[in-house]
Amino acid sequence: MSGLDELYREVILDHYRNPRRRGTLSGDYIHAEGNNPSCGDEFFLDIEVSGDTITDAAMQGYGCSISQASGSMMMDKIVGMPMSDLRELIHNFKLMMSIEEGDSPVDEDRPGSVLGDLEALQGVRKFPVRIKCADLPWATLTDALDQVSG
Amino acid sequence: MIDLRSLRSDFPILDREVNGTRLVYLDSAATTQKPQSVLDAMDDYYRLHNSNVHRGAHTLAAEATEMYEAARGRVAGFIGAQPNDLVFVRGATTGINFIAYGWGLNHLKAGDKIIVTIMEHHANIVPWQLVSRITGAELVYLELNEDYTVDTSSLEGILDDKVKIISFSGMSNVTGALGPIKVLSDAARSVGAISVVDAAQLVPHTAVDVTDIDIDFLAFSAHKMLGPTGIGALWGKTERLEEMEPTEGGGEMINTVDRHESTWAPVPHKFEAGTPPIAEAIGFGAAIEYLEAVGMDVIEAHERELTAYALERLSEVPDLTIYGPKDVTLRGGAISFELGDIHPHDIATILDQDGIAVRAGHHCAKPLMQYLEIPATARASFYLYNVFEDVDALVVSLHKARELFGLT
Numbered sequence: 000m001s002g003l004d005e006l007y008r009e010v011i012l013d014h015y016r017n018p019r020r021r022g023t024l025s026g027d028y029i030h031a032e033g034n035n036p037s038c039g040d041e042f043f044l045d046i047e048v049s050g051d052t053i054t055d056a057a058m059q060g061y062g063c064s065i066s067q068a069s070g071s072m073m074m075d076k077i078v079g080m081p082m083s084d085l086r087e088l089i090h091n092f093k094l095m096m097s098i099e100e101g102d103s104p105v106d107e108d109r110p111g112s113v114l115g116d117l118e119a120l121q122g123v124r125k126f127p128v129r130i131k132c133a134d135l136p137w138a139t140l141t142d143a144l145d146q147v148s149g
Numbered sequence: 000m001i002d003l004r005s006l007r008s009d010f011p012i013l014d015r016e017v018n019g020t021r022l023v024y025l026d027s028a029a030t031t032q033k034p035q036s037v038l039d040a041m042d043d044y045y046r047l048h049n050s051n052v053h054r055g056a057h058t059l060a061a062e063a064t065e066m067y068e069a070a071r072g073r074v075a076g077f078i079g080a081q082p083n084d085l086v087f088v089r090g091a092t093t094g095i096n097f098i099a100y101g102w103g104l105n106h107l108k109a110g111d112k113i114i115v116t117i118m119e120h121h122a123n124i125v126p127w128q129l130v131s132r133i134t135g136a137e138l139v140y141l142e143l144n145e146d147y148t149v150d151t152s153s154l155e156g157i158l159d160d161k162v163k164i165i166s167f168s169g170m171s172n173v174t175g176a177l178g179p180i181k182v183l184s185d186a187a188r189s190v191g192a193i194s195v196v197d198a199a200q201l202v203p204h205t206a207v208d209v210t211d212i213d214i215d216f217l218a219f220s221a222h223k224m225l226g227p228t229g230i231g232a233l234w235g236k237t238e239r240l241e242e243m244e245p246t247e248g249g250g251e252m253i254n255t256v257d258r259h260e261s262t263w264a265p266v267p268h269k270f271e272a273g274t275p276p277i278a279e280a281i282g283f284g285a286a287i288e289y290l291e292a293v294g295m296d297v298i299e300a301h302e303r304e305l306t307a308y309a310l311e312r313l314s315e316v317p318d319l320t321i322y323g324p325k326d327v328t329l330r331g332g333a334i335s336f337e338l339g340d341i342h343p344h345d346i347a348t349i350l351d352q353d354g355i356a357v358r359a360g361h362h363c364a365k366p367l368m369q370y371l372e373i374p375a376t377a378r379a380s381f382y383l384y385n386v387f388e389d390v391d392a393l394v395v396s397l398h399k400a401r402e403l404f405g406l407t
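Taken in sequence, the protein lines are chains X and P.
Residue numbers for the first sequence follow numbering that gives the first Met the number 0, beginning at 0 and rising by one.
Residue numbers for the second sequence follow numbering that gives the first Met the number 0, beginning at 0 and rising by one.
Hints were generated in silico from the structure; no laboratory data involved.
Since the structure is predicted, the reported quantities are computational estimates derived from the model, not experimental observations.
Built from N, CA and C at the ideal position, the CB exists for glycine as well.
There's no promise every hint is true.
Straight-line distance between alpha carbons at most 16 angstroms, and here's what the computed EDC-like set of lysine to aspartate or glutamate pairs gives [stated by the list, open to error]: (1) P:Lys161 <-> P:Glu137; (2) P:Lys399 <-> X:Glu41; (3) X:Lys93 <-> X:Asp142; (4) P:Lys161 <-> P:Asp111; (5) P:Lys325 <-> P:Glu315; (6) X:Lys125 <-> P:Asp351; (7) X:Lys131 <-> X:Glu99; (8) P:Lys365 <-> X:Glu41; (9) P:Lys399 <-> P:Asp353; (10) P:Lys236 <-> P:Asp211; (11) P:Lys399 <-> X:Asp4; (12) P:Lys325 <-> P:Asp340.
With the C-beta cut set under 7 angstroms, the calculated list includes, among others, these residues of chain X facing chain P [stated by the list, open to error]: (13) Tyr7; (14) Asn34; (15) Cys38; (16) Tyr61; (17) Cys63.
With the rest of the complex left out, here is chain X (with noise of 0.2 angstroms):
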């Protein structure tokens, strides 16, 4: 498969053009905005955390097919996830963009450590301008969750 093909799977065209839990949310929930200055790529997100729980979640903005697909991959995954797994994913994600360092082995018990559909984002790591197209919407979750847990 050459890089290009690597790079734009159709599994990331489909959720570029048919974004999932494209939205806002109302009542009670921690809200959340991203943006990459030098490109313009924009990522606003919305979860409604329950004990430990995000329950309910939404996303807007404008960008590349890499961070909107890889945002509508997200929503698809955090919904009904603890908040310690979801930790986990954002560090699994990370380190399969080369943006953190370790070792995370899939253990089915931890949903966590499974990235699923994610992995076809894989192909961004031989495209390093690109890395941070993909990372965006995961900062913009991270910065959520500090506020729960801030």
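Fit chain P to the known structure of chain X by using the hints.
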């Protein structure tokens, strides 16, 4: 047809490959490549003449000073100016900041107006916002006509004696549209305001003679015209430069310094505090020499042919929208476009795999993007070393992008 193909061998970087293919460099509006003569001039200075300028009685100091001032003379001559009216600055951005702070601060008061256009680069917006914040002056925008040229008809409602500065781009780095220099400089003069031309995209691509156009200030950057980064020029009418306060204080810009007061060196040195970028100035001079040897009329004609060809070829690509004048007499060679729902960054990544360098994003012109209601564009831009095959390569790669994204 003008063929400047033989010049390509003067530019070492054009020989290299990118991602396994020939480099197709279509990002000259961001920065241009450098000919060997510019690299040699800077190298020669460091190897044989390196010394600080304007002080020291030794031979090297005299040589460095002579080379630095000769470069000033060459850059000034290129725009028909006197050397003493040309200030070496870091680039067009610094030039405009110097005008905003050095002239704007002591000539603007609350209620005054600064007119700019909606097609400005941030470099010609943010300095005026900063100065407006201090002085209470108001920033007023001229908008665009259907063909992306500046709509000067709205001047009528804005123009009065509150207007102190009209500052505008000579050529848009996004749409390629030429600025209405005569209309806006006449308008400024009619109400006693000054006119400032952001010529970062203009001077590299077309012959400019400041004795032909009656403006007050002009700023441009060396790196957009074959020269090095870190240096540019601010030209001003002698009396405007006399009125302007130095924005930076330090060595080399003074006449006398006492404990609490100082007086300034004469123009242009009062604006050149500290050790200047000497090698860069010399490289700038060598770039001008190169451009003069080719001829600005030849360069302009060549780019116009390339631009016309590119506009025609790009219009054949389905789903492609061009943001800029269609008429090549109204524009330069920066072409912004969108391709269906493919984000410009994705376009740039795909083209890069074919060795094609284009720009993607808001091009430091966010107010223009908001006005056009688009978040970003991809931009191809040309210079003297580009050839028709570069346009062909671009078109082939854009078709590939459509295929990859499943556009039919």
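- Query: Checked against the structure, which of the hints given earlier come out wrong?
  - Reply: When the structure is compared with the hints, numbers 2, 12 and 14 turn out to be violated.
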